[in-house]
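Peer 1: Spelled out, the chains give:
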Amino acid sequence: MLRRQWLIARTIFVEALRRREIYAIVLITAGMLLLASLLRFFDLQGLHKFYHEVSLKVMTTATVLTVIVLAARQLPREFERRTIYTLLAKPIARWEFLLGKYVGVVLAGLFCLGLFMGVFCLGRLFTQAPLDWRLFGQFLFMQGLAIGCLAALSFLLSMLMGLDAAIVTAMLIYLLGQVMTNAMTVVYEFTGAAGRAVLITLNYLVPQPALFDLSAKVVHEWPPVPAWVLGLATLYCLMFVIPYLGLSYALFRRRAL
Amino acid sequence: MGNHAAIEVNQLHIGYGRGARRHLAVAGLTFQVEPGETVGFIGPNGAGKSSTIKTLMGFQYPTEGTVRLFGEQAGSIAARRRIGYLPEVSLYYPFMKAREVLELYGGLQGLDRATLKRRIPELLERVGLAGKGETLLKHFSKGMQQRVGIAQAIIADPDLLIFDELSSGLDPVGRYDLREVLLELKRRNRTIFFSSHELYEVESLCDRVIMIHGGRKVADAAVPELMEQLKAGNGGRGQSLEEFFMGLIRPAEAA
Numbered sequence: 004m005l006r007r008q009w010l011i012a013r014t015i016f017v018e019a020l021r022r023r024e025i026y027a028i029v030l031i032t033a034g035m036l037l038l039a040s041l042l043r044f045f046d047l048q049g050l051h052k053f054y055h056e057v058s059l060k061v062m063t064t065a066t067v068l069t070v071i072v073l074a075a076r077q078l079p080r081e082f083e084r085r086t087i088y089t090l091l092a093k094p095i096a097r098w099e100f101l102l103g104k105y106v107g108v109v110l111a112g113l114f115c116l117g118l119f120m121g122v123f124c125l126g127r128l129f130t131q132a133p134l135d136w137r138l139f140g141q142f143l144f145m146q147g148l149a150i151g152c153l154a155a156l157s158f159l160l161s162m163l164m165g166l167d168a169a170i171v172t173a174m175l176i177y178l179l180g181q182v183m184t185n186a187m188t189v190v191y192e193f194t195g196a197a198g199r200a201v202l203i204t205l206n207y208l209v210p211q212p213a214l215f216d217l218s219a220k221v222v223h224e225w226p227p228v229p230a231w232v233l234g235l236a237t238l239y240c241l242m243f244v245i246p247y248l249g250l251s252y253a254l255f256r257r258r259a260l
Numbered sequence: 250m251g252n253h254a255a256i257e258v259n260q261l262h263i264g265y266g267r268g269a270r271r272h273l274a275v276a277g278l279t280f281q282v283e284p285g286e287t288v289g290f291i292g293p294n295g296a297g298k299s300s301t302i303k304t305l306m307g308f309q310y311p312t313e314g315t316v317r318l319f320g321e322q323a324g325s326i327a328a329r330r331r332i333g334y335l336p337e338v339s340l341y342y343p344f345m346k347a348r349e350v351l352e353l354y355g356g357l358q359g360l361d362r363a364t365l366k367r368r369i370p371e372l373l374e375r376v377g378l379a380g381k382g383e384t385l386l387k388h389f390s391k392g393m394q395q396r397v398g399i400a401q402a403i404i405a406d407p408d409l410l411i412f413d414e415l416s417s418g419l420d421p422v423g424r425y426d427l428r429e430v431l432l433e434l435k436r437r438n439r440t441i442f443f444s445s446h447e448l449y450e451v452e453s454l455c456d457r458v459i460m461i462h463g464g465r466k467v468a469d470a471a472v473p474e475l476m477e478q479l480k481a482g483n484g485g486r487g488q489s490l491e492e493f494f495m496g497l498i499r500p501a502e503a504a
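Protein chains in written order, with the numbering used here: chain A, 4 to 260; chain B, 250 to 504.
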């Protein structure tokens, strides 16, 4: 049974591997990061923090954008090429097809993140900045959770609207999620009952990617987070991924093709 | 299981839109295709051929009526296990090699790796793509992609083949190769159901023809029988299926 999902997932991964776009993004990012790392020749104090901050921000943003675009275009592309017909003519259930697509997007996102990590490590050869590898591993794990969450969200949006609208909406939700954590902590105390209700509703509907972001800890060399935090973050991720994928399936299950 | 018709369509209605915009693409279509038969499904553009075929595949749902394949509900996994399907136009994954695409489709059909390793080169040769297994599909022409499509449809040696617009996008050599493939499948008693605008193709391949117009069946008979009807109604001057087709469609369009 899992073989069918893997076969679908593999097509996305192979395509991501062979397309030039991801490598172009990585090369541009590498150029930017190498430029930032070269600043050490000016003997600036705290350069490594600057390098870490810039590179982690660029890495996460580029990965998120890639995942959103990749996830949102999966189904529209299948319709455009008409491969949806040949695939679903085979004995594969629609939920298996969707799950395979989701796994493929997440794998491609992790591949993209891996490439950025390679660039980051290459840049560190120039800056020789100190880095807690355990914390960096936790940072990558949390980024993996963010990828999973955003891929599921983009999938759902691609079921509800056109490709361009799905990409823009997913990006807007991502940006909203970035500021929501701060809004929840700062605004909540000063707002009325209605405002609080809105914030609480948004809290349950929109994932907050800022909660998966450990870059500040990496930059300021803070100690790694305890294991239970990672466990809670995983549960938080599943709290969104499962309903998003479930809803996507509910919409796709009986859709006329 | 063995006694079921390969295709059983009963009082099929397929509608689009709602209210005043409601349009019936297929209205009360009933037919059967027995195992081992080769049946051509013809009609002018907008007659309801593609809607019917999509319903056979489970891509669309009947508004009314039933569709069963080998006794199983159309679109069910059990039905799809026994079908090979080729849509009118399909562009396959441009960043995958022909071999990989066939591994994907064969794998989805449940074939193991050893079988795929043996069958894929044979299939590529059969559809005129010998030696092209390691070429990315983005380098294939539309006709070559259609040949890949034929290969994916027959990869698991299905009991029933459903082709929407047979030979669409193929050059004369491709058409000839496809006809050879179909004749060989026919010799092996496979059921073949296809729609086509190429009436010569239908005439030369089919045991029986189902003709629809405006979502309704207007003829359902063996090719020689249709020829007899044509000759009888035409003072013995009937020549081809094309004349029969035009004879049925033109008066209906004029009305």
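Hints in this document: simulated from the structure, not taken from any laboratory.
In this text the structure is predicted, and so the values were computed from the model without any measurement.
Here a beta-carbon is modelled for each residue, glycine too, at the ideal position from N, C-alpha and C.
Hints are supplied without guarantee of correctness; some may be wrong.
[To be verified] Partial selection, computed: residues in chain A whose CB lies under 7 Å from chain B: (1) Arg80; (2) Glu81; (3) Lys93; (4) His223.
[Said to hold, decoys possible] Far from chain B, by Cβ distances over 12 Å, these chain A residues were calculated: (5) Gly103; (6) Leu128; (7) Arg199; (8) Leu260.
Peer 1: Minimum Cβ distance from Lys93 of chain A to chain B below 7 Å?
Peer 2: Status holds, d = 4 Å.
Peer 1: Was Arg199 of chain A rightly flagged as not at the interface, with every chain B Cβ beyond 12 Å?
Peer 2: holds (41 Å)
Peer 1: Just to be careful: measuring from the Cβ of His223 of chain A to every Cβ in chain B, is the smallest value less than 7 Å?
Peer 2: Status violated, d = 41 Å.
Peer 1: Can you verify the interface hint for Arg80 of chain A: is its Cβ closer than 7 Å to any Cβ in chain B?
Peer 2: For Arg80 of chain A, the interface hint is violated, since the closest Cβ of chain B sits about 9 Å away, which is over 7 Å.
Peer 1: Is the nearest CB of chain B more than 12 Å from the CB of Gly103 of chain A?
Peer 2: violated (10 Å)
Peer 1: Interface hint check: Glu81 of chain A, Cβ to nearest Cβ on chain B, cutoff 7 Å. Holds or violated?
Peer 2: Nearest chain B Cβ about 10 Å off; hint violated.
Peer 1: Take a quick look at Leu260 of chain A and tell me if its Cβ sits farther than 12 Å from every Cβ on chain B, holds or violated.
Peer 2: violated (4 Å)
Peer 1: Any Cβ of chain B at or closer than 12 Å to Leu128 of chain A, or is the non-interface label fine?
Peer 2: holds (32 Å)
In the structure shown, a violation is registered for the earlier hints numbered 1, 2, 4, 5, 8, in ascending order.
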